[in-house]
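Asks: Top to bottom, those sequences are chains A and B. Under numbering that gives the first Met the number 0, the first sequence has 28 at position 29, and the numbering climbs by one with no breaks. Under numbering that gives the first Met the number 0, the second sequence has 370 at position 371, and the numbering climbs by one with no breaks.
If you're looking for bench data, these hints aren't it; they were derived computationally from the structure. Among the hints, erroneous ones may be present.
[To be verified] Here are the computed distance ranges between Cβ atoms for each label pair:
| id | chain 1 | residue 1 | chain 2 | residue 2 | range |
| --- | --- | --- | --- | --- | --- |
| 1 | A | F42 | B | L73 | 23 to 33 angstroms |
| 2 | A | G26 | B | D31 | 49 to 59 angstroms |
| 3 | A | F42 | B | F285 | 35 to 45 angstroms |
| 4 | B | V362 | A | V36 | 39 to 49 angstroms |
| 5 | A | P76 | B | G412 | 50 to 60 angstroms |
[As the list claims (entries may be wrong)] Pulled from the structure, derived: some chain B residues nowhere near chain A, Cβ distances all over 12 angstroms:
| id | residue |
| --- | --- |
| 6 | I21 |
| 7 | L265 |
| 8 | L440 |
A virtual CB, placed ideally from N, CA and C, is assigned to each residue, including glycine.
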Amino acid sequence: MPNNTEETGMERRTSRRRSFLNWLWLGLGLVALAEIVWLVVSFLRPRKPRAKAGGFGSVIETGTVDSFATGTVTAFPRGKFYLSRLENGGFLALSRTCTHLGCTVPWFEKEKKFTCPCHASAFDITGDVINAPAPRALDVYRVFVENNVVKVDTSIRIRRTEFRKAQVTFPRKP
Amino acid sequence: MAIPNNPSPEKSGLFLQIWRSIFPDPLIPRSDQARKRYLFKNLILHFRPLTVPEKTLKFSLTWGLGGMAAVLVLLQFGTGVLLKFVYVPTPVAAYSSIEILQNEVAFGQLIRNLHHWSANLLVLIVFLHLLRVFFTGSFHPPRQFSWVIGLGLFSLVLIANFTGYLLPYDQLAYWAVTVSTGMLEYIPGIGAWLQETVRGGTVIGSASLRIFFALHTAVIPVALVILMGFHFWRIRRAGGLVIPRTPGEEIDEPPVRVATLPNLLLREVVVASVLIAVVILVSVFFNAPLGKPANPGLSPNPTKAPWYFAGLQEMLLHLHPIAAVFTVPLILATVLLLLPYVSYDSDSRGIWFASHKGRRMAVIAAIAALIVTPFLIIIDDFVIEPGKWLSGLTPEIRNGLIPIVILVAAIMGFYLMMKWRFSASNNDGVQAVFVFIVVSLVVLTIVGVWFRGPGMKLVWPLR
Ligand code: HEM
Ligand code: HEM
Ligand code: FES
Numbered sequence: 000m001p002n003n004t005e006e007t008g009m010e011r012r013t014s015r016r017r018s019f020l021n022w023l024w025l026g027l028g029l030v031a032l033a034e035i036v037w038l039v040v041s042f043l044r045p046r047k048p049r050a051k052a053g054g055f056g057s058v059i060e061t062g063t064v065d066s067f068a069t070g071t072v073t074a075f076p077r078g079k080f081y082l083s084r085l086e087n088g089g090f091l092a093l094s095r096t097c098t099h100l101g102c103t104v105p106w107f108e109k110e111k112k113f114t115c116p117c118h119a120s121a122f123d124i125t126g127d128v129i130n131a132p133a134p135r136a137l138d139v140y141r142v143f144v145e146n147n148v149v150k151v152d153t154s155i156r157i158r159r160t161e162f163r164k165a166q167v168t169f170p171r172k173p
Numbered sequence: 000m001a002i003p004n005n006p007s008p009e010k011s012g013l014f015l016q017i018w019r020s021i022f023p024d025p026l027i028p029r030s031d032q033a034r035k036r037y038l039f040k041n042l043i044l045h046f047r048p049l050t051v052p053e054k055t056l057k058f059s060l061t062w063g064l065g066g067m068a069a070v071l072v073l074l075q076f077g078t079g080v081l082l083k084f085v086y087v088p089t090p091v092a093a094y095s096s097i098e099i100l101q102n103e104v105a106f107g108q109l110i111r112n113l114h115h116w117s118a119n120l121l122v123l124i125v126f127l128h129l130l131r132v133f134f135t136g137s138f139h140p141p142r143q144f145s146w147v148i149g150l151g152l153f154s155l156v157l158i159a160n161f162t163g164y165l166l167p168y169d170q171l172a173y174w175a176v177t178v179s180t181g182m183l184e185y186i187p188g189i190g191a192w193l194q195e196t197v198r199g200g201t202v203i204g205s206a207s208l209r210i211f212f213a214l215h216t217a218v219i220p221v222a223l224v225i226l227m228g229f230h231f232w233r234i235r236r237a238g239g240l241v242i243p244r245t246p247g248e249e250i251d252e253p254p255v256r257v258a259t260l261p262n263l264l265l266r267e268v269v270v271a272s273v274l275i276a277v278v279i280l281v282s283v284f285f286n287a288p289l290g291k292p293a294n295p296g297l298s299p300n301p302t303k304a305p306w307y308f309a310g311l312q313e314m315l316l317h318l319h320p321i322a323a324v325f326t327v328p329l330i331l332a333t334v335l336l337l338l339p340y341v342s343y344d345s346d347s348r349g350i351w352f353a354s355h356k357g358r359r360m361a362v363i364a365a366i367a368a369l370i371v372t373p374f375l376i377i378i379d380d381f382v383i384e385p386g387k388w389l390s391g392l393t394p395e396i397r398n399g400l401i402p403i404v405i406l407v408a409a410i411m412g413f414y415l416m417m418k419w420r421f422s423a424s425n426n427d428g429v430q431a432v433f434v435f436i437v438v439s440l441v442v443l444t445i446v447g448v449w450f451r452g453p454g455m456k457l458v459w460p461l462r
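With these hints in hand, go ahead and build the complete structure from the sequences.
Replies: Pasting the structure below:
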């Protein structure tokens with residue numbers, strides 16, 4: 000008992016020292032545990048995917064500007080995206096992954112929309128949601144035009160809530 | 000038949016010496032005394048108690064469910080290790096290794112079927128075991144923590160099933176796992192991070208298969224063995240199972256005990272044999288499904304989560320994803336974990352459904368859930384469009400917060416009303432709420448599995 004009057008000063012000092020050491024051990028143990036957890040989690044984290052040239056994760060050349068008619072959607076299965084050419088001539092590279100739970104959305108040419116087979120979300124040609132449950136517009140990839148060739152950088156998928164004009168890439172007038 | 004227990008080695012032949020060095024005792028003990036010694040000295044049996052309370056042998060206490068779960072887990076280990084000799088965990092080879100298993104390996108199809116059917120049966124049996132433990136009040140002290148360990152075991156069984164589901168790498172596996180891990184993204188804060196860690200990248204692919212395979216065949220089996228050992232040890236430390244009694248009957252202290260061997264062991268062997276026979280019979284006649292090879296470019300319609308997650312998926316059709324995959328499961332898990340730690344009015348250990356009132360209230364709760372849940376599903380699918388008349392609110396509030404608050408308030412109202420109407424103890428009240436929730440989840444699961452067709456529209460199953 001700490002208040003024991005018969006305890007001598009030395010005993011008290013020893014027990015205090017002992018409890019300090021106990022705390023120190025406990026603290027060191029916790030630090031070690033935290034380090035192990037950190038090590039294991041870092042070990043298990045996904046590595047950067049190595050992109051094959053021309054495959055998903057790299058910059059993909061899709062074709063010349065004129066090979067895409069306005070108001071059409073072209074699938075690029077190896078890059079896992081659709082290239083949309085809007086009516087105004089601009090380009091958008093849409094991820095084919097539904098923003099609801101990740102199914103792959105097919106394009107329906109007749110209805111001019113993407114309809115997800117899993118829970119019936121629908122998206123228009125700009126990737127905007129027409130039908131819930133999808134909570135966000137389809138993700139996009141950066142599109143740029145070099146020497147009249149449309150290129151898509153699939154290394155970074157860009158999340159967005161809805162379609163905005165600024166996301167569209169326009170080919171410069173030759 | 001007087002075989003001396005430890006014969007001096009010089010006096011017997013070499014064969015007998017070797018035999019006795021392995022089996023010092025007679026193989027079939029004949030007297031009660033010899034049986035007790037046998038049990039105590041046998042490596043495999045010595046962790047069983049020498050005697051058990053006689054009344055706990057009644058089949059209508061346990062229905063043999065805990066023992067069945069243990070047998071099925073062992074069966075999974077046996078068949079799983081065999082599968083591991085053939086299965087190749089890469090996207091390119093996984094599917095064809097299953098085909099080779101089924102078509103070229105002797106008894107390969109049978110082993111796969113056994114693994115498949117006992118995995119699914121295991122979920123059902125463990126769930127029923129949980130119900131029996133709850134409804135016999137076996138979670139009251141000193142067994143509170145056994146309940147918590149049990150919940151851990153239940154989670155492990157679900158994770159084992161889920162990680163196994165991906166392995167055949169057919170369309171069914173690929174998309175069910177895509178959709179199920181897609182749910183993780185909605186967990187606030189860590190969702191995206193967690194999803195990427197579990198998948199080993201942004202989509203299901205070779206990394207996911209590696210991760211799932213390692214979890215399935217190393218991490219989870221080890222965790223299961225450890226937790227099962229812990230589970231059994233706690234049961235023994237509690238002095239065996241709860242002693243069944245009728246409402247009003249006192250707990251008899253100390254209980255009459257009988258020898259474990261042969262009384263308990265014989266019963267266990269019978270239950271195990273019947274169970275294994277049934278599983279083998281099913282596996283001979285019904286093959287585990289195998290769809291087309293996984294194709295990341297083409298989602299089948301409909302794409303469904305595995306059946307044990309179908310209730311969750313059904314909720315996802317009605318509630319905002321954050322509510323369906325985070326808030327509701329969090330509330331349910333908390334309720335389940337805290338169940339044994341509520342301060343109860345009475346000790347209803349060993350009484351089926353706690354009391355006479357408890358039985359009636361449980362039936363009413365079950366009927367209420369059977370009516371309310373389908374009603375809400377139909378209303379939500381065909382009638383209400385909260386988007387129209389609550390359009391000022393964000394979807395999180397409109398489809399998440401508001402329905403949850405209403406549901407929780409309704410359940411609390413139900414609890415208070417039942418308690419007041421029957422002037423019942425809180426044992427009976429909590430039990431009624433438990434029944435209501437469990438029946439609702441079962442209804443959601445049934446709807447998700449059988450009543451959802453293409454585009455997840457409501458359909459009639461037997462057309
Ligand atoms: C792999 C899963 C499981 C196995 C192998 C297992 C095994 C067993 C066995 C063999 C028994 C004794 C016999 C019997 O009650 O049938 C038992 C009792 C018990 N189990 Fe489990 N169990 C599992 C899961 C669970 C779950 C999910 C819960 C609850 C959440 C649970 C809670 C309990 C409790 C509280 C007892 C003591 C019952 C009593 O004293 O009457 N177990 N378990
Ligand atoms: C409680 C324990 C276990 C459960 C619930 C379980 C469940 C499953 C399930 C549901 C599948 C998918 C089967 C199918 O195609 O329908 C599977 C596959 C597989 N499991 Fe297990 N498993 C368990 C333990 C083990 C163990 C211990 C191993 C090996 C060490 C193992 C190895 C495998 C292998 C190699 C496959 C792929 C073959 C196939 O899909 O048919 N499993 N497991
Ligand atoms: S995954 Fe596309 S609607 Fe659910």
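Asks: Could you tell me which of the hints above the structure violates, numbers in ascending order?
Replies: none
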